[in-house]
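Taken in order, these protein sequences are the chains called A and B.
Residue numbers for the first sequence, in this note's numbering: 906 to 1364.
Residue numbers for the second sequence, in this note's numbering: 906 to 1364.
Be careful, since some hints might not be right.
Think about it this way: if two alpha-carbon atoms lie no more than 35 Å apart in a straight line, the pair counts; the simulated DSBU-like pairs of lysine-lysine are [to be verified]: (1) Lys1343/A <-> Lys1083/A; (2) Lys1171/B <-> Lys1347/A; (3) Lys1133/B <-> Lys1156/B; (4) Lys1307/A <-> Lys1343/A; (5) Lys1307/A <-> Lys1171/B; (6) Lys1265/A <-> Lys1025/B; (7) Lys1258/B <-> Lys1128/B; (8) Lys940/B <-> Lys1310/A; (9) Lys1284/A <-> Lys1239/A; (10) Lys1284/B <-> Lys1025/A; (11) Lys1307/A <-> Lys1133/B.
Note that these hints are calculated values from the structure, not bench results.
2 protein chains.
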Amino acid sequence: MSNSNVSIPQGTRDFGPTESFRRTYIFDTLRNLFKLYGYAPLETPSMENLSTLTGKYGEEGDQLIYKILNSGDFMSKVDPTTRTQISSKSIIPLISERALRYDLTVPFARYVAMNHQDIKYPFKRYQIQPVWRADRPQKGRYREFYQCDVDLVGSSSLLNEADLIQIYIRAFISLGIKDFTIRVNNRKLLLGMAELTSKPEDFMSMVISIDKLDKIGEEGVQKELREKGFKEEDLEVLSPFFRLEGSSEQKLEFIREKLFHTEQGKLGILEMQELWSLLRYSPQFSSYINLDILLARGLNYYTGTIMEVLSPHAKGSLGGGGRYDDLTGIFGLKGITGVGISFGADRIYDLMKDMDLFPKEPVSTQVFIGNFYPEAQQKAYETSIWIRELGISTEIYPDLTKLPKQLKYAAQREIPWVILLGEEEFLDGTYSLKDMNKGEQKRMDLEGLKKFLTENLVR
Amino acid sequence: MSNSNVSIPQGTRDFGPTESFRRTYIFDTLRNLFKLYGYAPLETPSMENLSTLTGKYGEEGDQLIYKILNSGDFMSKVDPTTRTQISSKSIIPLISERALRYDLTVPFARYVAMNHQDIKYPFKRYQIQPVWRADRPQKGRYREFYQCDVDLVGSSSLLNEADLIQIYIRAFISLGIKDFTIRVNNRKLLLGMAELTSKPEDFMSMVISIDKLDKIGEEGVQKELREKGFKEEDLEVLSPFFRLEGSSEQKLEFIREKLFHTEQGKLGILEMQELWSLLRYSPQFSSYINLDILLARGLNYYTGTIMEVLSPHAKGSLGGGGRYDDLTGIFGLKGITGVGISFGADRIYDLMKDMDLFPKEPVSTQVFIGNFYPEAQQKAYETSIWIRELGISTEIYPDLTKLPKQLKYAAQREIPWVILLGEEEFLDGTYSLKDMNKGEQKRMDLEGLKKFLTENLVR
């Protein structure tokens, strides 16, 4: 019966009841946590002016931005004499003024630049909204997906980094993901490492190679560095950093020994020490944090602390973030420093689903009322009204049909309690309550039913 | 400092912290209520295939759909020889395959048609998502706005209408909007009225005129009906319906007298009577419902019950809905009957703001910790950690700056409690707690502070 010609665009998804409930569960958990730390919500429009987005994500990014066709007679803006030759790229600015949000960072920067006069700094915001990318769809990569960002701008204090690390830890614990690590680094430590080599100016190039350690191994990295002109003594100096083991404190001790005399390294060490001391109050927190001097993560953007969340149960990171120094420069507002983290909502969802971490409680209705004996329909309906007044989610089968069909429906919907009002019950003023999990059924009067529901179902 | 060149597209909005909190408050209230009635969430992608949307909203609607430019070299699909002449309308299908959701009804119908095999009927879903329309922006009309729909498909029982009316009533009461009316009608009653005239086949035309009663008055309606060829005796027969007053029961009595002998009118009366008797259990509900035989509301779509929510505090309706008989026919799946209501989220927001109905409690942080005495910074930070562990939203001023600046910030953010750890407090192990509303300040030790916060702030 269903029409196979109907479809949704590639790379997009419908979220049915169970998925929606679960996504709401994740987002509600995060929202409550953000609020606990004084972060307030921000929502920006799905569409931004195309000029706001263009040029912010590199050449490749520009191509992945979804552009919206101008409405009305948009072709009238395209000179007919040039049309035959015009390229797709050149026609875009003529026929499109708006585009879909590509991430939450640029809209946030745009919001701060636009509202700078009214914002009270430090400005703490979180944002949970979908973004769109005209990417090639593949497993786990979608064209519409939610991002969840938490940022603070207008303060360079490390207390903010400490708060965000706490948020990460409490978030994953609250969601039931106990097995995760927050890798923490500081760009200044990487700069200090570069200072140890003969080519500190090739910092970026060095980091790009180091960042591949997981993929190509130490030998691979050394080969690359050699090809880039780093000397054997540079490789020797860097080598111990590749093999750093032990606790974060032990690593920090080693790094202190090696980098405290470098200009940037010293700054990085002081920041790292302060951050660690802020977090020492909660020993349970420290056990989730791991100093990782090789963590690089979008270095063009980050200027201080860098973080990433990994779990052995997930491919790729569950989140990441760091300190940046110039959020709004692209919009003409200089000197706005900040720090932020983001949560990989889809990866978190997938991991929680794989590990069966979503709450077991009925996601939807708790009580189902059968509707199969015509004389009792009005009473059955009134029963649904008073049960809901107890705050218990309830539905009544709307159509008078055979009981087995209704019980099948209740079972498929995984509704745990069913109330039956047949002829017998109707005549003697009782209710049969069926426990769908145990298969047991009990008769009780109105008072008995109210008492049972109140004691067992009201939370 | 802020850059006035930065802007957002006309007809779109940023929602800052307060607005976002309030919108979340509305949506959470509604979601909890929908769940209480066994409705489950559905989310569909923001973009649908253009072919899914085109032709569903009339010629004018088609023009208001936001089309998304294909990515890549989209112009290669446009034959260079035709380009000079091609109209905007003709080029759209060549360069755009996707479009933004225009409402929630068509995506819902598409979802049902696509997933018909797997859906357990009756299927109860709610959907709260933004939609986009390339409409001319004006006060209260936006190009991006949220819709909130609640529908049930696969059952023709009036129990569903009764549930949805209850949802409406409880929703507005929960939101604090006590002054509202739910106008209820049934298309079959209007059909019955048409049967009384000499031109029952001109039903639609008659209803279109009747629907203007509020705007052009009874005389205006009569003039229009005359021009459409209705006879004087038709106008006489219809006239009493224009002036129907009294309780819904009294109106129903009158309608019964006038229409029970008509084919469609009889069906409408029986439905209306059943609906009223289902709702009689809760007298407080009936007081919000008002039978209005002239309510028309998108008759092309609705086939039975029609509803609309009005409040004297709002221009236009706060919501509306009704029974329809062919949701998915446009997608090749016949015979799917259903009933649904929608909430006008923006109007509800505006009304609640105007009437000051949002909760007074601090929307964000409850406790602010000053950070102005360097030696106490670590202790202040640790204080933020244990207060949050009580479940109290807390922030610490991240930067060591002068106290007055911090107090001003706390006041601007409307944070009600401030904890101060200055030299004196630090040395004798106490905390000063300032009540920002009363301006009072008290010194207490750790135990005293914990006790106070637990007793006064934990909910």
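Here is how each hint holds up against the structure:
no. : hint                    : result
1   : Lys1343/A <-> Lys1083/A : 32 Å, holds
2   : Lys1171/B <-> Lys1347/A : 42 Å, violated
3   : Lys1133/B <-> Lys1156/B : 28 Å, holds
4   : Lys1307/A <-> Lys1343/A : 22 Å, holds
5   : Lys1307/A <-> Lys1171/B : 28 Å, holds
6   : Lys1265/A <-> Lys1025/B : 21 Å, holds
7   : Lys1258/B <-> Lys1128/B : 41 Å, violated
8   : Lys940/B <-> Lys1310/A  : 23 Å, holds
9   : Lys1284/A <-> Lys1239/A : 68 Å, violated
10  : Lys1284/B <-> Lys1025/A : 25 Å, holds
11  : Lys1307/A <-> Lys1133/B : 50 Å, violated
This entry does not satisfy hints 2, 7, 9, 11, going by the numbered hints stated previously.
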